[in-house]
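Number of protein chains: 2
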Amino acid sequence: MTDAEKSLLLSRHFEPWDRMDEADQKDLLAHALLTSYPKGTNLHSGESNCVGLFLIIKGSLRTYMLSENGKEITLYRLSEGDMCVLSASCVLSTITFDVHVDTEEDTQLLLIRATYFEALSERNERVECWAYKLAAERFSDVMWAMQQVLFMSMDKRLAIFLWDEMTRTGNELLTITHEQAARYVGSAREVVTRMLKYFASEGIVELSRGGIKILDKSKLRSLTQ
Amino acid sequence: MTDAEKSLLLSRHFEPWDRMDEADQKDLLAHALLTSYPKGTNLHSGESNCVGLFLIIKGSLRTYMLSENGKEITLYRLSEGDMCVLSASCVLSTITFDVHVDTEEDTQLLLIRATYFEALSERNERVECWAYKLAAERFSDVMWAMQQVLFMSMDKRLAIFLWDEMTRTGNELLTITHEQAARYVGSAREVVTRMLKYFASEGIVELSRGGIKILDKSKLRSLTQ
Chain S
11 MTDAEKSLLL SRHFEPWDRM DEADQKDLLA HALLTSYPKG TNLHSGESNC
61 VGLFLIIKGS LRTYMLSENG KEITLYRLSE GDMCVLSASC VLSTITFDVH
111 VDTEEDTQLL LIRATYFEAL SERNERVECW AYKLAAERFS DVMWAMQQVL
161 FMSMDKRLAI FLWDEMTRTG NELLTITHEQ AARYVGSARE VVTRMLKYFA
211 SEGIVELSRG GIKILDKSKL RSLTQ
Chain V
11 MTDAEKSLLL SRHFEPWDRM DEADQKDLLA HALLTSYPKG TNLHSGESNC
61 VGLFLIIKGS LRTYMLSENG KEITLYRLSE GDMCVLSASC VLSTITFDVH
111 VDTEEDTQLL LIRATYFEAL SERNERVECW AYKLAAERFS DVMWAMQQVL
161 FMSMDKRLAI FLWDEMTRTG NELLTITHEQ AARYVGSARE VVTRMLKYFA
211 SEGIVELSRG GIKILDKSKL RSLTQ
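From first to last, the protein sequence lines are chains S and V.
The first sequence begins at 11 in my numbering and counts up one residue at a time.
The second sequence begins at 11 in my numbering and counts up one residue at a time.
It cannot be assumed that every hint is accurate.
Treat identical chains as interchangeable: a pair holds within one or across any two.
As the list claims (entries may be wrong) - Here are the simulated lysine to any residue pairs, SDA-like style, with alpha carbons at most 25 Å apart:
(1) Lys166 x Gly56
(2) Lys229 x Asn181
(3) Lys166 x Thr106
(4) Lys81 x Gln157
(5) Lys68 x His41
(6) Lys49 x Val111
These are calculated hints, taken from the structure and not from any lab test.
Quick caveat: nothing in here was measured; it's all calculated off a predicted structure.
From just these sequences and the hints, can you work out the full model?
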């Protein structure tokens, strides 16, 4: 990837870029590393060191909470053009919790290491401010997810998840396991399997070894509302 | 309250204060209104207009989420010297969710109205940055609360709540209803009542019409761990 291509990406997705002087921009370009990770890689977790900022070029990331006994709650997902800031949370003094970030597919990203980002945001208040502003946006995502998990009935949550997956992939056959679906909606596999069987009995979906096929879109749609 | 007293409060609890010029400080003083609310007043909610920043002088505030069917989840509580920023969320473009804020006791606060705060943070980047930084701190509080609600067993949650209440009030007799306790731990009253009866049978608490009395602190303590 050329510096010109990196510049273009940063000017599009890193708000402070346009107000940085040329020397700072050049320095940042030299420190923005093109990296690739296969699907299912854990990029950031509570215990590991704080990696840095990710700008997603291709692929997607899932951010989740993990309980002591392994239960996961998906908080939000990021895709092309999104910046992941919680993977650099060590730089942000008021962020005192830890989340986990995994690749959901083969993912290519621009990495700005935490140590470099820390120095940059110390000498450039705008960069620091941008990071907190972005963290507040993620806060909004998390609150939305919490509303779902805490208040919404299971059938509605699952229907919304299936609908979103179908829309996102453009495919009526969803190649996901019940285990994965359970993780996304923040529930147990058994609960999801039971609910999917109910959906199947209603003619909404068809279950097979390969995944979940949406049969009746309008019925599914009405469940999401 | 004199301007000198207000200045002192702001310089202690409003970080950008010391780096504002004298004219801006004077203007802000004129717009920081001393207000009082009785216990149980709803100061901010999803539907109502966005009030502004609160600096708590005396008393305490509870911030919570509310579902369509009235279920509440307490997110965090603020007390003397704390600033409430989510009550001015309309000023912060990346905050797109709404919470509810109630007084928990008779509360006195300094109010900076949203319209004034908006103008101030538009002309002073530091103020805007401070607000987002504070929002990220609240994000951390919320994540902690979510960990509790989503992952922690009910007995542990309730024990932690009772322990915290005892420590906070300095009193072994907690004058709270089961309804209130349920609201704080994000559960149903029936569930809390059942768990309290179990605690009573274990000699940890004594239940009466007036409230909940802690009898065995070391047993309660061990439940919180």
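So, going through the hints one by one against the coordinates:
Taking the shortest alpha-carbon separations for Lys166 and Gly56, only the inter-copy value of 22 Å comes in at or below 25 Å, while the best intra-copy value is 31 Å. Taking CA atoms no more than 25 Å apart as the test, Lys229 paired with Asn181 passes inside one copy only; the shortest distance there is 17 Å, against 55 Å between copies. In this assembly of identical chains, Lys166 and Thr106 lie within 25 Å of each other by CA distance solely across copies; the values are 22 Å between and 32 Å within a copy. For the homomeric pair Lys81 and Gln157, the shortest alpha-carbon distances inside one copy (18 Å) and between copies (11 Å) are both at most 25 Å.
For the identical chains of this complex, Lys68 and His41 are intra-copy neighbours only, at 19 Å inside a copy versus 48 Å across copies, given an alpha-carbon limit of 25 Å. Proximity of Lys49 and Val111 under a CA criterion of 25 Å is satisfied intra-copy only: 12 Å inside one chain copy versus 42 Å between copies.
When each numbered hint is compared with the structure, no violation occurs for any of them.
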